[in-house]
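Chains R and B are the protein sequences, given in the same order.
First residue of the first sequence? That's 1 in the numbering used here, and the numbers climb one at a time after it.
First residue of the second sequence? That's 1 in the numbering used here, and the numbers climb one at a time after it.
Simulated from the structure, these hints should not be mistaken for laboratory data.
These numbers were taken from a predicted model, which means no experiment stands behind them.
Accuracy of the hints is not assured; some may be wrong.
[What the hints assert, rightly or not] Distance ranges between label pairs, derived from CB positions:
{"id": "1", "chain 1": "R", "residue 1": "Asp99", "chain 2": "B", "residue 2": "Asn21", "range": "33 to 43 Å"}
{"id": "2", "chain 1": "B", "residue 1": "Val67", "chain 2": "R", "residue 2": "Gly95", "range": "40 to 50 Å"}
{"id": "3", "chain 1": "B", "residue 1": "Val13", "chain 2": "R", "residue 2": "Arg22", "range": "43 to 53 Å"}
{"id": "4", "chain 1": "B", "residue 1": "Ala52", "chain 2": "R", "residue 2": "Glu29", "range": "40 to 50 Å"}
{"id": "5", "chain 1": "R", "residue 1": "Asp104", "chain 2": "B", "residue 2": "Lys20", "range": "14 to 24 Å"}
{"id": "6", "chain 1": "R", "residue 1": "Asp43", "chain 2": "B", "residue 2": "Met42", "range": "23 to 33 Å"}
{"id": "7", "chain 1": "B", "residue 1": "Ala18", "chain 2": "R", "residue 2": "Tyr113", "range": "14 to 24 Å"}
[As the list claims (entries may be wrong)] Here are the simulated DMTMM-like pairs of lysine to aspartate or glutamate, each with C-alpha atoms no more than 25 Å apart in a straight line:
{"id": "8", "chain 1": "R", "residue 1": "Lys26", "chain 2": "R", "residue 2": "Glu85"}
{"id": "9", "chain 1": "B", "residue 1": "Lys23", "chain 2": "R", "residue 2": "Glu85"}
{"id": "10", "chain 1": "R", "residue 1": "Lys46", "chain 2": "B", "residue 2": "Asp19"}
{"id": "11", "chain 1": "B", "residue 1": "Lys53", "chain 2": "R", "residue 2": "Glu96"}
{"id": "12", "chain 1": "R", "residue 1": "Lys24", "chain 2": "B", "residue 2": "Asp19"}
{"id": "13", "chain 1": "R", "residue 1": "Lys4", "chain 2": "R", "residue 2": "Glu96"}
{"id": "14", "chain 1": "B", "residue 1": "Lys23", "chain 2": "R", "residue 2": "Asp43"}
{"id": "15", "chain 1": "B", "residue 1": "Lys76", "chain 2": "B", "residue 2": "Asp19"}
{"id": "16", "chain 1": "B", "residue 1": "Lys53", "chain 2": "B", "residue 2": "Asp25"}
Cβ atoms here follow ideal geometry from the backbone N, Cα and C, with glycine treated the same way.
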Amino acid sequence: MLRKYETLFILRPDLPAETFDRIKTKLTESVERDGGHTVTYMDWGKRKMAYPIESVSKGNYVYYRYLGTGEIVKEVERLLRMTDESLRYMTVVLGEGFDPATFDFEADRKDIYPFGARPREDRPDGMPGFDQGMDDGAYARDRYRDSGMPDGDRGRPAPEVGAGEGDAAADKMGEGDN
Amino acid sequence: MATRKKFFYRRKVCSFCADKNLKLDYKDVGLLRRFTTDRGRMIPRRITGCCAKHQRALSLAIKNARVMALLPFVAKDF
């Protein structure tokens, strides 16, 4: 019985194709030599990172999903550590108790989308939550900004508040100052 | 303080409980961005309405995404 793992790692953005293939064969061969099974090895392409790592601002994300054991993960991570081209990696367990003989690799490969960018039509209609054209995040962010809570990170001018709510909020803030 | 005004609060439901198809994943940047401020901080649960269980999972997902540079620890410019 094997566990299912995913390793997401970041490579330097300007690598030649050969280096890319070399890393791919190194990892997949190592996994399969130790009795693991590759589910998928995907290049998710270049992406601007949220902050620079080793003074590099763009990263090439690679997603590797496989069946294996803790030892195999250790080896994969060791290889990534030794690879100068890799900036960072993270391995997450996705599930356990998989038998490679009965495991449906084809089906498991299906619903993997780079950075969660799954097609919108997959979401069922009429469901509350994040539905088409509705951004709960914007709503929540506005509420947060208007809530008047002490918060050092609001680097923007105070938002305009609705007529009714404005009075209460203004009163509250006045109290705090005294 | 002035007279307390009556409000009608929109009843908040945990987005992940309401939509079972919504999978929480640290790689799903668009989803996690909804639960962070423009500056990259997590939005508290009393504002997003997440249940405790999902807020815990969410905070872990956001932290994982930060490590992989998918989300900022601190956003200086936005």
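Task: Cβ distance range 14 to 24 Å for aspartate 104 (chain R) and lysine 20 (chain B), holds or violated - done: Since aspartate 104 (chain R) and lysine 20 (chain B) have Cβ atoms about 22 Å apart, the given range 14 to 24 Å holds.
- [ ] Mind checking the alpha carbons of lysine 23 (chain B) and glutamate 85 (chain R) for me, to see if they're no more than 25 Å apart?
- [x] Violated - the C-alpha atoms of glutamate 85 (chain R) and lysine 23 (chain B) are around 31 Å apart, more than 25 Å.
TODO: With a cut-off of 25 Å on the C-alpha distance, tell me whether lysine 24 (chain R) and aspartate 19 (chain B) pass.
DONE: Since the Cα atoms of lysine 24 (chain R) and aspartate 19 (chain B) sit roughly 37 Å apart, the hinted pair is violated (cutoff 25 Å).
Task: Restraint check for lysine 46 (chain R) with aspartate 19 (chain B), where alpha carbons must lie at most 25 Å apart - done: 31 Å, violated
Task: Hint check for glutamate 29 (chain R) and alanine 52 (chain B) - Cβ pair distance inside 40 to 50 Å - done: Taking Cβ atoms as reference, alanine 52 (chain B) and glutamate 29 (chain R) lie about 44 Å apart, which means the hint holds.
TODO: For the pair we were handed, lysine 76 (chain B) and aspartate 19 (chain B), check the Cα-Cα distance against 25 Å.
DONE: 33 Å, violated
TODO: Quickly compare the C-alpha distance for lysine 23 (chain B) and aspartate 43 (chain R) to 25 Å and report which way the hint goes.
DONE: Answer holds: lysine 23 (chain B) to aspartate 43 (chain R) is near 22 Å, not above 25 Å.
Task: Whether the CB-CB distance between aspartate 99 (chain R) and asparagine 21 (chain B) falls inside 33 to 43 Å - done: With Cβ atoms ~27 Å apart, the hint is violated.
TODO: Could you grab the alpha-carbon distance between lysine 26 (chain R) and glutamate 85 (chain R) and see if it respects the 25 Å cut-off?
DONE: 13 Å, holds
Task: Distance restraint between lysine 53 (chain B) and glutamate 96 (chain R), which requires alpha-carbon spacing of 25 Å or less - done: 22 Å, holds
Open item on the list: Hinted pair, alpha-carbon criterion (25 Å max): lysine 53 (chain B), aspartate 25 (chain B). Please report holds or violated.
Closed with: 14 Å, holds
Open item on the list: Given the hint of 23 to 33 Å, is the C-beta distance from aspartate 43 (chain R) to methionine 42 (chain B) inside that range or not?
Closed with: 30 Å, holds
Checked against the numbered hints given earlier, the structure breaks hints 1, 2, 9, 10, 12, 15 and satisfies all the rest.
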